[in-house]
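Engineer: Given the coordinates of chain C, assemble chain Y onto it according to the supplied hints.
In order, the protein sequence lines correspond to chains C and Y.
My numbering puts the first residue of the first sequence at 1, with every later residue one more than the last.
My numbering puts the first residue of the second sequence at 276, with every later residue one more than the last.
It should be emphasised that the hints constitute simulated quantities derived from the structure, not laboratory data.
A portion of the hints provided could be inaccurate.
Said to hold, decoys possible - Below are the DMTMM-like pairs computed for lysine to aspartate or glutamate, each with C-alpha atoms no more than 25 Å apart in a straight line:
(1) Lys133(C) <-> Asp317(Y)
(2) Lys371(Y) <-> Asp458(Y)
(3) Lys10(C) <-> Asp468(Y)
(4) Lys10(C) <-> Glu465(Y)
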Amino acid sequence: MGKSTLTFGKAGVTVLSLLITALAIFPLLWMAIAGFKSQEEVLATPFKFLPNVWHFENYTVILRDPAFQKAMGITFIGAIIFMALSVVVNASAAYVFARLDFRFKKFWWVYVMLTYFIPGFSITITSFIVVNKLGMLNTMGVLILPGAASAGSMFFFRQFYLNVPLALEEAALIDGANRFKIFTNIFLPMSLPPFVIIGIGAYLGYWNAFVWPVMTITNEDMFQIMQYIYNFRSGRVAEMHLLMASSFLAALPTIALFLIFQKYIVANLKMSGLK
Amino acid sequence: MFKKNYRHDNLTAYSMLAPILVGLTIFVLIPFAYAIYLSFTDWGFYQAPVFVGFKNYWVNLTDPLFTKAIWTGLKFTLYVLPAQLVLAFLFANVLKGLKGKFSGFVKSSIYIPTVISGIVASVIFVFIYDYLGGLANYIAGLFGSEPIAWLAEVKYALPAIAIPAIWLGFGITTLIMLAGLLDISESYYEAADLEGAGTFTKMWYITLPLMKNISLFLLVTGFTAQLSQFELSWVMTGGGPVNETQTPNLYILLHFLNDVMIGRSIAAALMFFVVLGSISLVIFKILNSEKAVEG
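This is chain C alone, in the form it adopts within the complex:
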């Protein structure tokens, strides 16, 4: 093998990698451990990494907090629906643009792709006014519907569908299958790789969303998980140890999701249209 990498020697490379890895994980780890400390110990001087006594009850207190349970549950349900919806909406549009011929196709293509260049933040305020006029504030709809249709995700699916061999479709057409059937029976089953990427992206986006829920959800029963954390932070300043425990718990589902699907994510970084 050609020596194309920086030459530190094997031991040096291993040590350096471990160091960087530790730096990447350390803040999270520290938060998780702080969640086990007592209220006095969490910000005590002199600084200590590990707690004197491990307070496992911090985590159970949070897990038993009805507001936390509600926020986790409702955010999870919303994220799953949002994920499914964005996959279905964008994949079906992508199939149409990749494979069908229809009247005004060029016009609708430009119409959809134009939205790709409108950055989300420049329309946040007026989107709020629109959903307010539609009477959608404090509903799940306001969290799920606005972001589901996305030109970027649609484009990603389309690139994938353009590479599906035509022969597959021709055979089905000769057998008399209609386009919709072809989409559901041939294209959807083979779409796992883009599903995972767009789906996980949608899930993460929903789960980590902060500004939009803060603006549109004022009913405490519907607080999303990041809203819960934010309110916890501003409302209960003294309880840093519980804040750490709850923030760590709130981050766990996304970390778990990533670890489960990491192979797909890393593999897709290569085909993410960079070349």
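Structural biologist: Just chain Y, lined up with the frame of chain C:
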């Protein structure tokens, strides 16, 4: 293709397109058109819009805080982006030499911060920057420094917020760089080895030029992402001390939340969108023209 099905396709096509067309129209295009309209009016929630021409734009332009916010955003980007790109490039080169399980472990670990939300990152780093019990002052103390109020002092607040931003984006940037490195054919390096080229010669003449497309991609996306950052400063400092960490989006948001008249913050959002768009365009053009020369 399949021209005979054309008429039949119209119905299928439009029924399958309907969700995306309706969604984008209601939640993107209408708000965008509405934003352009409202930016030319004085409007509050309790009264009809009054057309005022370019007044809102002028009010923002002459507000020192608006220009300051743009500068703050640029400064913040300048702290985050070069550090992130250089570190990621170097570490991607190290990672390229790793094989097997260990490499997989490192790759997944460095990616984890990428899936963490800005809110959780803020919570962690507020804790790290705590005046008495925080890690940052503990480390500074090892070097003999007195405790520093990282998030409350004008000269430290913005760099302090840049650190979590670097942390959040480091993993994905590294992995994208790595994907690019793995695409470079080994034969280039083998040829260079025969010529007796050293590590840095190879990096300068082979790796860097071939990484241009990926670097451009990361530069433009990173630029817009960092310039738009506001969650970290919203949660960590609320924009302070004395507006030192008030990035453009935070400026817009705070005006929307606190002002009675909304046209002004909408105009600011559109102006910022134009600034952001043109800077990306310029970066894109510059890098593209160099590429053309290289041919």
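Engineer: Which numbered hints turn out to be false for this structure?
Structural biologist: Every hint satisfied by this model.
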